[in-house]
Amino acid sequence: MEIYLIRHGIAEAATDDIKDEERQLTKEGRQKTEKVARRFKNLGLHFDLILTSPFVRAKQTADILMAARLSSQIEECTHLVPDGHIYSWIVNWLEPKNFAPNTQLALVGHEPCLSHWAEIIVWGEVKERLALKKAGMIGIKVPETGSVLGRGQMFWLTPPKYLL
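Counting in my numbering, the sequence shown runs from 1 upward without gaps.
If you're looking for bench data, these hints aren't it; they were derived computationally from the structure.
Worth double-checking, as some hints may not be accurate.
[What the hints assert, rightly or not] Here are the computed distance ranges between Cβ atoms for each label pair:
id, residue 1, residue 2, range
1, Trp123, Asp16, 36 to 44 angstroms
2, Phe155, Lys41, 16 to 24 angstroms
3, Phe99, Ala14, 31 to 39 angstroms
4, Glu28, Pro82, 15 to 23 angstroms
5, Gln24, Tyr87, 28 to 36 angstroms
6, Glu111, Tyr162, 16 to 24 angstroms
Note that CB positions come from ideal geometry on N, CA and C, so glycine has one too.
Whenever a hint applies, use it, and build me the whole structure from the sequences.
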């Protein structure tokens, strides 16, 4: 299985008037995310399922990926909120699904959560060595059997500037 961790696009700044979960993509954020999504499509990517944080900016990013025809399915996943925990996601969401080995999942969420998830999947622990830019992506191949923790192989880490 391949897991693609995708950070939401550029969003409005946090203010006292806007709750964090309600922050939307800016015009620039939407435009850059659309360009990145088109590039993903041109590179031949397709996701069997896009999982997204329920926060507005992540859902808007997932919708852009869907509009670019990178998937036909989107599902909200509360594990992908900014303080989500990978262990809970693996045990309560991923393992019970028993996906086929060739499944490609896109997870749209937030930093530093996504970088930490990538490090845990690849190295088995958070090392604070990865950073995921807005609209950037990390691709990880996970083993077909057994735990995914510390056994993943990272094959893609791309800042969006190389995709525009």
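Each hint tested on the structure:
| no. | hint | in the structure |
| --- | --- | --- |
| 1 | Trp123 / Asp16: 36 to 44 angstroms | holds, 38 angstroms |
| 2 | Phe155 / Lys41: 16 to 24 angstroms | holds, 18 angstroms |
| 3 | Phe99 / Ala14: 31 to 39 angstroms | holds, 35 angstroms |
| 4 | Glu28 / Pro82: 15 to 23 angstroms | holds, 21 angstroms |
| 5 | Gln24 / Tyr87: 28 to 36 angstroms | holds, 30 angstroms |
| 6 | Glu111 / Tyr162: 16 to 24 angstroms | holds, 18 angstroms |
When each numbered hint is compared with the structure, no violation occurs for any of them.
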